[in-house]
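Student: Here is how the chains run, residue by residue.
2 protein chains.
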Amino acid sequence: MRTIHFEVLKRDPNSQARLGQLRTPHGVVSTPVFMPVGTGGAVKAMLPEEVAATGAHIILGNTFHLMLRPGHNLVRDLGGLHRFMRWDRSILTDSGGFQVWSLKESRKITEEGVEFRSPYDGSLHQLTPERSMEVQEALGSDIAMAFDECPGTDEDRAYVERSLARTTRWLDRTIAARRQPERTSLFGIVQGGRFDDLRREHAAILAARDLDGYAIGGVAVGEEKAEMHRVIELTAPVLPADRPRYLMGVGLPEDLVVAVAAGVDMFDCVIPTRNARNGRLFTSKGIFVVKHATHRDDDRPIDDACGCPTCAKFSRAYVRHLFMINEILAHRLTTMHNLWFFQRFMERIRDALVAGELRALMGEAKQLSHAGAGADSDSDSGAS
Amino acid sequence: MRTIHFEVLKRDPNSQARLGQLRTPHGVVSTPVFMPVGTGGAVKAMLPEEVAATGAHIILGNTFHLMLRPGHNLVRDLGGLHRFMRWDRSILTDSGGFQVWSLKESRKITEEGVEFRSPYDGSLHQLTPERSMEVQEALGSDIAMAFDECPGTDEDRAYVERSLARTTRWLDRTIAARRQPERTSLFGIVQGGRFDDLRREHAAILAARDLDGYAIGGVAVGEEKAEMHRVIELTAPVLPADRPRYLMGVGLPEDLVVAVAAGVDMFDCVIPTRNARNGRLFTSKGIFVVKHATHRDDDRPIDDACGCPTCAKFSRAYVRHLFMINEILAHRLTTMHNLWFFQRFMERIRDALVAGELRALMGEAKQLSHAGAGADSDSDSGAS
Chain V
1 MRTIHFEVLK
11 RDPNSQARLG
21 QLRTPHGVVS
31 TPVFMPVGTG
41 GAVKAMLPEE
51 VAATGAHIIL
61 GNTFHLMLRP
71 GHNLVRDLGG
81 LHRFMRWDRS
91 ILTDSGGFQV
101 WSLKESRKIT
111 EEGVEFRSPY
121 DGSLHQLTPE
131 RSMEVQEALG
141 SDIAMAFDEC
151 PGTDEDRAYV
161 ERSLARTTRW
171 LDRTIAARRQ
181 PERTSLFGIV
191 QGGRFDDLRR
201 EHAAILAARD
211 LDGYAIGGVA
221 VGEEKAEMHR
231 VIELTAPVLP
241 ADRPRYLMGV
251 GLPEDLVVAV
261 AAGVDMFDCV
271 IPTRNARNGR
281 LFTSKGIFVV
291 KHATHRDDDR
301 PIDDACGCPT
311 CAKFSRAYVR
321 HLFMINEILA
331 HRLTTMHNLW
341 FFQRFMERIR
351 DALVAGELRA
361 LMGEAKQLSH
371 AGAGADSDSD
381 SGAS
Chain H
1 MRTIHFEVLK
11 RDPNSQARLG
21 QLRTPHGVVS
31 TPVFMPVGTG
41 GAVKAMLPEE
51 VAATGAHIIL
61 GNTFHLMLRP
71 GHNLVRDLGG
81 LHRFMRWDRS
91 ILTDSGGFQV
101 WSLKESRKIT
111 EEGVEFRSPY
121 DGSLHQLTPE
131 RSMEVQEALG
141 SDIAMAFDEC
151 PGTDEDRAYV
161 ERSLARTTRW
171 LDRTIAARRQ
181 PERTSLFGIV
191 QGGRFDDLRR
201 EHAAILAARD
211 LDGYAIGGVA
221 VGEEKAEMHR
231 VIELTAPVLP
241 ADRPRYLMGV
251 GLPEDLVVAV
261 AAGVDMFDCV
271 IPTRNARNGR
281 LFTSKGIFVV
291 KHATHRDDDR
301 PIDDACGCPT
311 CAKFSRAYVR
321 HLFMINEILA
331 HRLTTMHNLW
341 FFQRFMERIR
351 DALVAGELRA
361 LMGEAKQLSH
371 AGAGADSDSD
381 SGAS
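Line by line, the protein sequences are chains V and H.
Just so we're aligned, residue 1 is where the first sequence starts under this note's numbering, counting upward by one.
Just so we're aligned, residue 1 is where the second sequence starts under this note's numbering, counting upward by one.
Hints are computed from structural coordinates only; laboratory data are not their basis.
If you're wondering where the values come from, they're calculated on a predicted model, not measured in any experiment.
If a hint is listed, it holds; no wrong ones were tucked in.
Because identical chains cannot be distinguished in the list, a pair is counted as satisfied if it fits within a single copy or across any two copies.
Calculated lysine to aspartate or glutamate pairs in the EDC-like style (CA-CA distance at most 16 Å, straight line): (1) Lys313 <-> Asp88; (2) Lys313 <-> Glu49; (3) Lys285 <-> Glu364; (4) Lys313 <-> Asp299; (5) Lys285 <-> Asp304; (6) Lys104 <-> Asp154; (7) Lys10 <-> Asp242; (8) Lys104 <-> Glu115.
With the hints as constraints, model all of the structure from the sequences given.
Tutor: And the structure:
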């Protein structure tokens, strides 16, 4: 009996894509799904009811951030993360592996785990497979991620091989450390850098562990977009077909469609929320830069094809003004808009899968991912 | 025919207090009323519908801020401030006089008006009686304030006399500059510093102009609380009894009750919103400092006697956590709470006036204005 149940409802005849349904102890999630990022126990600027209103049924919480502030034991004592933040739908937590790896200058990787200094107060901490699992179970996550190492894109083959072997040993320690498998399920993470055979080999090693789901890690970490797509298209199809597949930290609409076509079911990314706070909005005509002076007196909504609460009510001129005066309300309005856009886009992907027309979305998705009407000439980074 | 209509519904037999009703082109306002401050076209962190949900029927907008950003002509061209910010209830705008006076080092007062440098870009601007009226009419304010000088508490009698004479000349220029009296009403502002006879004299001068309402200015600018109360109690009763009386920039619950008892009908202050963003919350047990470490694991609401959306859902521990991680949502939750508190407190004042029991609120109001359960030993400043 698994904690989560995943069912493939329909397979796309023209690609590896699947339409599915994921059931967790906190509800039903239609896949392919995009999970907004709620780093420190909140999707930045948003009330949980507003996140739910965008159509999100699962969000991501960060082990690294929550173990440092407010501390996972505190969250556990207050009834778990769902209750602490008043979000009664599903939660997936990352393992903290990516964040400690990103600390670069202030962390040390050993066989035991990773020692690091808190970016908040410089205090010394350790994350190990056991500790990451303990934190995620204390948070009461529906889906925990196994603690892994994410090798840099410039690491050589020998390093990646050693890293993978260690990540596998860490996975086995993670599995042994589980205390509440009936409540918190566990996904493994495929690494392997840019080496195709290592990716495939690692996928097979993970599959042998019979986990609740499988993630693709180590992408969108600075590599070219074509290389990222290649790794996704190589890795997703070799992951067990009856389990959810999760692409971590990706991405733009064009990346989502490519990954769905490769057989990915789940996504998370800071792009909609972070870009919103930077005034970069997703619209039916491409990315819209709200601070641009041309919107100064524009009474139209951000996107007249959008049904979000922001576009239903407020003008480009007003949202731009709020940005220019550094008003918090600007972040609320734009975050709502971008999350709404991403949830609608995933709905369109699911509808396209029902209709067998996923390929038709691909050209449009590319257009949606780049500067459109009212945007400046900036290009948008491919990932988080 | 006046733009606004004010009716005194009941007079308190034991004080100068009045229960009233103010009708503007944008609705009915029960008085005594507290107006949340929406400086730059938004009550910081809040949606207009949330401000309305607290029970607010009128808010304050700032001439100084809006003329600089985004510019009053832009707001006028987009249909006025109500439409720009999507607030369909009443708006009162200040004259900008207090803000330019506060610039101290970067302004020069002449007979013509005040020259000042923008705090945003250093550009040179001028505010005059005519210009202030033009800006407020461009914004489409329901109630405009006359441009005045607010003399410092330490100015000598000779200076205050000269200043008052100029403020009166400015008022007459303001009256002459009105272009849409059918849409925007005009209140005058009594100054006079700490000089009782000058205050009374200025009140009489204003009354002779037959304005739509009368404000008490130049209080809560650094003087002792007892002195502030004295000036309020001296000035309010000599203002015309059939017009709304507005005490500018005040204050704490204890100040509101004192002023209501002196016959004041309208208030604005940044205290509820600014204190919220600093984590100082008004509760039925006094001021509550949410960042205090003792709330770290406290699962109770901020105030279990409060019916606001924040207290209905979130714990002290969660709100404190959001503050500690500098999360925008903290400001939303606390602003909602404090605005809710102030609107409920004004309701209690109105209910007490109906019941003839205003005096009974005075002791409690004092307690509500100072550190209570869970607060630290900080004292709270008396005004904005």
